[in-house]
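J.: Single-letter residue listing:
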Amino acid sequence: MGRYDLASVEPREYLFLCIRTGAPGDSPMQLGPQAKEHIRSRVEPVLQQLDPQLEFIEILVDSARRQLGFVLQKDDRPIVLGMDWLIFVAITEPELKQNLATQLETRGLLRP
Amino acid sequence: MWRWLKQLLIGRPLETAVLHEQRLSKKAGLVVFSSDNLSSVAYATEEILLALMIAGTAALTLSLPTAIIITVLLVILVFSYSQTLYAYPSGGGAYTVAKENLGVTAGLVAGAALLIDYVLTVSVSVAAGIAAITSAVPALYPYSVQLCVAAIVFVMLANLRGVRESATIFAVPVFLFIGSGLLLVFVGIGKSLSGGHPEPVSSAWTAGTAYLIVRAFASGCAALTGVEAVANGVQAFKPPVSRNASITLYTMAAILGALFLGVTLLSRWYQVVPREGETVLSQIARNVFGSGFMYFVMQIATMAILVLAANTSFAGFPRLSSVLAGDRFLPRQLANRGDRLVFSNGILFLGVVASLLVIAFQGKVHRLIPLYAIGVFLSFTLSQAGMVAHWWRHREAGWRRHMVLNAVGATATSVAVLDIAFVKFLHGAWVVVIAIPLFVYAFRRVRLHYFLLGTQLSLGDYEKPKPRRNTVVVPVADINKVVLAAIEYAHSISADVIALRVNLDHADRREFERRWQEWAGDTPLVVLNSPYRSILRPVLQFVEEISRLRPEDVITVVLPEFVPARWWHELMHNQTGLLLRSALLFKPRVVVTSVRHHLAR
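Chains A and B, in that order, are what the protein sequence lines are.
Take the first sequence: its position 103, counted from the start at 1, is 103 in this note's numbering, and no numbers get skipped.
Take the second sequence: its position 120, counted from the start at 1, is 120 in this note's numbering, and no numbers get skipped.
With the rest of the complex left out, here is chain A (with noise of 0.2 Å):
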């Protein structure tokens, strides 16, 4: 940890080094608010685009840090849709809505 300068680093940058160290305070399935915080600008507009209805509820980690889970919901539904880490701090904004839609999509949540 100590060899990276997290509070300099951009978003997806501070993400991408978050996957394998954790930012300071993270438990192995926990995020500290910061990476939350950045998760959650980049897919929270994404679903607004979307389907407006959809509310962004929290970000889960597994223990292995690979897999993210963005739990929504849309009324009383809980849904929980999940992406690599790698692949989402890699992708473009495009991509991430194209792969959040074809989630949705396969629930019937969202019309193709």
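Hints listed in this document are in silico derivations from the structure and should not be mistaken for laboratory results.
We put the CB at the ideal spot given by N, CA and C, even for glycine.
Be careful, since some hints might not be right.
Only some residues are given here: those of chain A computed to face chain B with a beta carbon under 8 Å [claimed, not checked]:
no., residue
1, 29
2, 32
3, 57
4, 62
5, 63
6, 69
7, 71
8, 75
9, 76
10, 78
11, 80
12, 109
Chain B side only, calculated, beta carbon under 7 Å to chain A, not exhaustive [what the hints assert, rightly or not]:
no., residue
13, 524
14, 532
15, 538
Please arrange chain B on chain A, whose structure you already have, making use of the hints.
T.: Here is chain B on its own, set in the frame of chain A:
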């Protein structure tokens, strides 16, 4: 409390080692297996007379020839079944004999017919017995259904205590009926021979005579129901089982034949005619004994034997269902022996179904009587036909003689089954004709289920277990000792733990998150909103979503629960844990476990 009540009602548990001690002597076997058969004396003659009445009272003279034909059939049946007892000492019920010699479907048809017969026997006989009691004491009439259910429960409990105990409990009424019935016949015949009865009216034989006898025969065959009970329950006898069962069968048939022929003869000699309000047997008893003490003894014994006819079914049904369950045509619980070494589940099932039938028909189950005989005679026919095939295949010493005897039995009973089906079809026999194929279909479905279960659990295509990850979801309602104990447990079995709270009524989410951070900050918390105040639905859907997110993982739901110090404290708490556990039961890859905190007071 429950154990004490159970021991009081059905007695202390018996060791498996004393199973052989539960076997029946010939006398006890007669009590257990004859009550159904002998109880038909109470109504078989009346059924014949009612069938003949359509041609006027003169036709009633045909009752005696009809009774003689039925008695001849009884003799054929008994000789045939006696052979079955020796050929199948391990249990020669119609199901086993038909299955082994005619194929599985024939066996299942026989099994279905017998199971239906056993249930109907309990309902009809108990209702008939209670009807006799309410006739004598009309004040009890409004409570007929309750009395029927109470009688079924009584016989059921006696049987749950063990087959020997039921024989001891019911010996007095059975022998009282046999004694008073034989006394009625002997005294009645004696009085008649000494000229104390009017001459019966004779009738000329006409073209319709044959039809009348066919009709009366179909009705009177009810007298033979229960003959198969000994063969079905041969394993209940002490060794040598075949000999003891055979002697019991002959004794039962001799008593039945004497009583049935005697009562039918007396009905003619005393010119008794079926009438509303008094049974034929009661009229004969009144003629023979007057209205004194012996008349009442006869009536009480008749009521008792009618109720106790159910006892034979309680001996037969559980045994047959255990054999079917052993072959996986019925749920395997029916093959388990209970505390008292009887097939308790079969006894309970029979008691419940028969009670429901009585309740559904409000105790007026006489309409079910036509359903009886067809099923029984179908099983007779299949059993005897199976024995013919048995002798033909095995060709043991004297096989020709045995085969001829069983062939005569099969032919006679098949004629009877066709006759009953023809005469009684519109009176309700059609129900059995529909019910038997449905039962056979159900048996096959049960068997298919067990087969598929076996293939799915088989190790044939099993690969060595791969290491699996476990994602744990802990539903939390609050932050307290129980919840934190559940979180601690969850972390002990997995590194992936998610706490899930369902936020009802827009409760303060931030306050909860702040407290969560304080007490269990290492565990991610998901707070879902529930605008419709449901807890179950969001939790179930969230578990489904996590299961979809991590398709390779086992999903464990850890339920924090507390156990109140007093049972009645449970009434003061909602049973969300119980509901969740039930709802998650059918979700694949989901394990549900509870972390319980036992309250001290």
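J.: Just to be careful: measuring from the Cβ of residue 75/A to every Cβ in chain B, is the smallest value less than 8 Å?
T.: At 7 Å from the nearest chain B Cβ, residue 75/A passes the 8 Å test, so the hint holds.
J.: When the nearest CB of chain B is found for residue 63/A, is that gap smaller than 8 Å?
T.: Holds - the Cβ of residue 63/A comes within 8 Å of chain B, reaching about 4 Å at its closest.
J.: Using Cβ atoms only, decide whether residue 524/B comes closer than 7 Å to chain A, and label the hint accordingly.
T.: Holds: closest Cβ of chain A sits about 6 Å from residue 524/B, inside 7 Å.
J.: Does residue 32/A pass the interface check with chain B, least Cβ-Cβ distance below 8 Å?
T.: violated (12 Å)
J.: Using Cβ atoms only, decide whether residue 80/A comes closer than 8 Å to chain B, and label the hint accordingly.
T.: holds (4 Å)
J.: Is the interface hint satisfied for residue 532/B? The criterion is a beta-carbon contact with chain A at less than 7 Å.
T.: Since chain A brings a Cβ to about 6 Å from residue 532/B, closer than 7 Å, the hint holds.
J.: Grab the minimum C-beta distance from residue 538/B to chain A and call the hint holds if it beats 7 Å, violated otherwise.
T.: Hint holds; residue 538/B Cβ to chain A Cβ min 6 Å, cut 7 Å.
J.: With a cut-off of 8 Å, does the beta carbon of residue 76/A approach a beta carbon of chain B closely enough for the hint to hold?
T.: With a closest approach of 5 Å, the residue 76/A hint holds.
J.: Would you settle whether the hint for residue 62/A is holds or violated, based on the nearest Cβ-Cβ distance to chain B being less than 8 Å?
T.: holds (6 Å)
J.: With a cut-off of 8 Å on the beta carbons, see whether residue 57/A makes it to chain B.
T.: holds (6 Å)
J.: Per the CB criterion, is residue 29/A less than 8 Å away from chain B?
T.: holds (6 Å)
J.: Have a go at the residue 109/A hint: is there a Cβ in chain B nearer than 8 Å to its own Cβ?
T.: Since chain B brings no Cβ nearer than about 12 Å to residue 109/A, farther than 8 Å, the hint is violated.
In the structure shown, a violation is registered for the earlier hints numbered 2, 12, in ascending order.
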